[in-house]
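4 protein chains.
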Amino acid sequence: MIKIGIIGGTGYTGSELARILCRHPGVEIAAMTSRQSAGRKVSDVSPFLKGYTDIAFSERLDPSGLDLVFVATPHGVAMEEVPAILDSGAKAIDMSGDYRLRDPAQYEKWYGHEHKDAKNLGEAVYGLPELFRGEIRGADLVANPGCYATSAALAIAPLAKRGLVGSRVIVDGKSGTSGAGMVPSARLHHPFCGESVVPYSVGTHRHTPEMEMAVGLFSGMEPEVFFTPQLVPIVRGMLSSCYMGLAEGADPGDLSRAYRDQYGGERFVHFVDEPSIRAVAGSNHAHVGFREARGTVVAFGVLDNLVKGASGQAVQCMNLMLGLDEGAGLDAPGLGV
Amino acid sequence: MIKIGIIGGTGYTGSELARILCRHPGVEIAAMTSRQSAGRKVSDVSPFLKGYTDIAFSERLDPSGLDLVFVATPHGVAMEEVPAILDSGAKAIDMSGDYRLRDPAQYEKWYGHEHKDAKNLGEAVYGLPELFRGEIRGADLVANPGCYATSAALAIAPLAKRGLVGSRVIVDGKSGTSGAGMVPSARLHHPFCGESVVPYSVGTHRHTPEMEMAVGLFSGMEPEVFFTPQLVPIVRGMLSSCYMGLAEGADPGDLSRAYRDQYGGERFVHFVDEPSIRAVAGSNHAHVGFREARGTVVAFGVLDNLVKGASGQAVQCMNLMLGLDEGAGLDAPGLGV
Amino acid sequence: MIKIGIIGGTGYTGSELARILCRHPGVEIAAMTSRQSAGRKVSDVSPFLKGYTDIAFSERLDPSGLDLVFVATPHGVAMEEVPAILDSGAKAIDMSGDYRLRDPAQYEKWYGHEHKDAKNLGEAVYGLPELFRGEIRGADLVANPGCYATSAALAIAPLAKRGLVGSRVIVDGKSGTSGAGMVPSARLHHPFCGESVVPYSVGTHRHTPEMEMAVGLFSGMEPEVFFTPQLVPIVRGMLSSCYMGLAEGADPGDLSRAYRDQYGGERFVHFVDEPSIRAVAGSNHAHVGFREARGTVVAFGVLDNLVKGASGQAVQCMNLMLGLDEGAGLDAPGLGV
Amino acid sequence: MIKIGIIGGTGYTGSELARILCRHPGVEIAAMTSRQSAGRKVSDVSPFLKGYTDIAFSERLDPSGLDLVFVATPHGVAMEEVPAILDSGAKAIDMSGDYRLRDPAQYEKWYGHEHKDAKNLGEAVYGLPELFRGEIRGADLVANPGCYATSAALAIAPLAKRGLVGSRVIVDGKSGTSGAGMVPSARLHHPFCGESVVPYSVGTHRHTPEMEMAVGLFSGMEPEVFFTPQLVPIVRGMLSSCYMGLAEGADPGDLSRAYRDQYGGERFVHFVDEPSIRAVAGSNHAHVGFREARGTVVAFGVLDNLVKGASGQAVQCMNLMLGLDEGAGLDAPGLGV
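Chain order of the listed sequences is A, B, C and D.
The numbering used here puts the first sequence at residues 557 to 893.
The numbering used here puts the second sequence at residues 557 to 893.
The numbering used here puts the third sequence at residues 557 to 893.
The numbering used here puts the fourth sequence at residues 557 to 893.
Take the hints with a grain of salt, since some may be wrong.
Pairs count within a copy or across copies, as identical chains cannot be separated in the list.
Once the Cα atoms are required to be at most 25 Å apart in a straight line, the calculated SDA-like pairs of lysine to any residue come out as [said to hold, decoys possible]:
hint, residue 1, residue 2
1, Lys717, Arg850
2, Lys559, Asp887
3, Lys606, Asp829
4, Lys606, Ala884
No lab work stands behind these hints, which were simulated from the structure alone.
Please put together the full structure from these sequences, using the hints given.
Following this line, the structure appears as structure tokens:
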């Protein structure tokens, strides 16, 4: 059995990894770390895992002997963990933003501090399988994409690649609150956000350059993204509305064809007429769709921010990196309602 | 005491009018109609009005003897009610879309049927006081604006008027569910919309030409709007995110100045750094604010869709039309939390 | 492969059955009926099933050739479907209330009309596996329990059986809105219920006699239940707070022991200190727990109303009836968050 | 003009007091304190008050020269503030639990520390006007009731007083999250509570003895309360379901009469068939109602936890204490929707 480790197992991303992996037919979780919960059983801290795993959190893990390690720590910390993992011979998937931007200068500009692992940064592959499947297969280090960036890139990239839209893109993102993590804060306080829509980090959010990079790498176009993230009072789910100018000569039929060509053979990304958060919630599926009027295209990208927007996509990458069936462990349909 | 009538008093807009007017110091509700509840006491149908009004719903009302009548019926019906009201000498405020678009051809295009009252259509004034106060004062017929159009026009118009932005505008609207009215439907069914964000009528919503008209009339610019309405799972409240290109030579300081100049003296519209639905919910207040980055401006318009987005604004218009204090009856602050 | 039919596949219960069965390792959905969607592909009507099933809805199904048929129609209709299924030799699981109350007089009293299939009513087994596993194994017809009744019976029965509590029970139930089905109505209209807690059918709800029967059959005690159902603004999930007097001489240690003895070996029902809707949402798991003070016990029963409260439990029964592994197809952990 | 002070003006209770008092016709807010926001304008910290008050927070306030001071600090702190206020000659209303339980031993038992102001504790009047109006009128110190206790006492007391119910009472409370205050915590974190119902402090909540005291003082009966508080994912609003045995010989008609007799002349408490959170949200109104079956009565108490459950009720007490119209400043109807 393939042995997996998770560094940072108590956050939403880490426990969602465990939730998925505990039913994976081809791997086993050999170690999970947690600073504050070391020594406690995982299923005591995350009671939805009762009956699914018997392991306890450890303070640290030894990557030697593991095949792959997920690093589910905050950015800035991840790049201190990754080198040792790779040196030990294990593969690594970083859930944070530390290895997403290829250019250390970009990283420093958007994250506000220097990158300490420029060597591996240059080797990391951006883990969006529907756009970069080939590179992920051969990778030792995958940077798992952000949830907003995944939803937007899936919606934008097929159109950009085929030259159907202009390079100026506005992304209006609506995220469920679980995307903001498990640490209580004023913005996530229910009386504050429970009956509101809350914009934050407008024009300055770190997924902005990530969207540009992902779409650019895939399409060859150099998009310029303006991004407005907004919290909506749902727990799981995300809708990104991406606005672009229709390129001259393109018609809506071209747009449909682009999505069908791109995603017709995909298991997890579906081109639909009415993208629906409920249809994908709880699953690794994503919906894309669009409307066009008067020369403007709005492309919708919809997913569960904790699954296709985080841990599910990471497992999909893991499957590719380890030569397993790409969908292993990810067979849950969306909740529907 | 000034006598007021309400045609269509059981819908959300009609009962919200009653909720506001029952505390108004200068007018009294003399008659409210309801087809299905004729004969029942208003406070039995709308129990939050218990102790505030003793009148009963009538099947119809006689406008003669009334000073002003609110028409809170669906579009298409309103234009059958308005002529008789005006003929009787009473003033009228139409809550529906029937008198908002000045051009009958536009009306027919967006509403799908012919306008039957072209004569009064030409006389109607668009009831957004912060933009058209003078005209409203002298009007006999006011077309009360739509909620999306109000939120967007308040955010866009000051910038458009001063030439600070380009004419292509994208409006990404998020509305509380009460904006969709009181008739149960699949889209408003809690299991469907309660944990989702639901786009609808994308690019075809009737507030699109209304935004263009309102901003155009005020600013002289001819905006071209692409509008995406989306339901979010809150009951009251609306946030419209309006995207525009920054005009050459303009800087963010110009944008702030534009809003301050426009709204500095206003009682209900406030230019703030962080527009907040909770701060205005339950009140006639609206927030506008903006962020700018890389040549793109996002202007936010925030309000309670039933108050400043509907019945509160209508009462504000009524006050102007009747020569009363503009804020009479509208002194409630937002709920805050 | 074992062949399964579903009568009434477009409602929440029917489509949830399909959501679970499409991943079941031992059965296949051979036919699903829908009056209004006959001829359409199931995955077009329920888009979360895209990629999981290719069948189309039929107007009716022929039970001969099927091993088991789920009847997911409203009560009153089910008892017209069941006889033909059983006559054909297939087994049947009725999702409605038609076969839950053993006594036709009780049925008539609470459902308001006569029972038309008294013969099979006498043979039906109440499908709550943790309480009636043996009977379910041998049954041809299972009455799948109601969601409230399941949550309450799981919490009450172990205490009643051991004589630790008195027979007067108050059940204060809080249900997610999906429990009320997919037909839009005033009570489920988001602006009405989205920021409220709505009691309904207080003291008269049909799950009242069902709770009494289930607890009574299991424990030998004859409980008298007063039941208050209340809608809370969540989509999936249910918490029933069940109040009982502590029997003389019993102490809280007895209560813990009762639950541990009863559920210690169960896969889906867990005795925990803090029952949590989020920990079981999306899964067939249930939580029970309790607090005791001053001679009063409150026992909590928590589950996902569409899974352990409906379709998941039905699949669990199916597994027992067909001699399959009881948990087959039901291995999803709760969402956690 | 009567001069009012508020100690602790940034919490939800304090800012709600300001929201109500800023429109009060007979008093003015002369001073508000806040440790962390001293020096800042109130309307900058609570933006919904922009245009309603120009004062700034001070570090402390001098009660001499003020007519009445609201103490909106956490329990334990309040009893350090109250003596100086009373010594200065001002009246005081304490929003915390410090002066609610008359017996210092009870206080110590439930609050876990000694009471430091036993002298004033003996003089404090429990500020529930519909039950203790006379005493409040003459009081110098009022203990403003807790939200759960208000909702339950209003529902229970009229029945207890008339001997229509037994003394064992179960209170199953459902509270909006704003009742838990503005400090972020794990329990109020949206991803945790936003799609859940969360019991807490079951059987040990401090409003338990408060309910017993309030009902006991009013009715002469000595109730024994078992109380389960539960958070529901709404922001404002509370429903307490109170279960009691029907006394021998009483019939439901007696119950209706009891409520009508008790509340028929009240402005803010209404006996209705279907108590509704939405009908009272945003207002000082409360609904009570009941159902009875098989000898059990469930009485519902419904209110907005921040208004009738906290700051609105405090203003109602203030009006009584100062000889003003009891409803001054409290004329807002419920939101309805």
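* Asked: When no copy is named, should lysine 606 and alanine 884 be tagged within, between, both, or neither for a Cα gap of at most 25 Å?
  -> Answer is both: 22 Å inside a copy and 17 Å across each meet the 25 Å cutoff.
* Pop the pair lysine 717 and arginine 850 into one bin, within, between, both or neither, using alpha-carbon distances up to 25 Å. => both (22 Å within a copy, 23 Å between copies)
* To do: Go through the copies and call it for lysine 606 and aspartate 829: within, between, both or neither, with a Cα cutoff of 25 Å.
  => Intra 39 Å, inter 13 Å, cutoff 25 Å: inter-copy only.
* Since the copies are identical, ignore which copy is meant and state whether lysine 559 and aspartate 887 lie within 25 Å (CA to CA) inside a copy, between copies, both or neither. => So lysine 559 and aspartate 887 pass the 25 Å test inside a copy (21 Å) and across (21 Å) alike.
Checked against the numbered hints listed earlier, the structure breaks none of them; every hint is satisfied.
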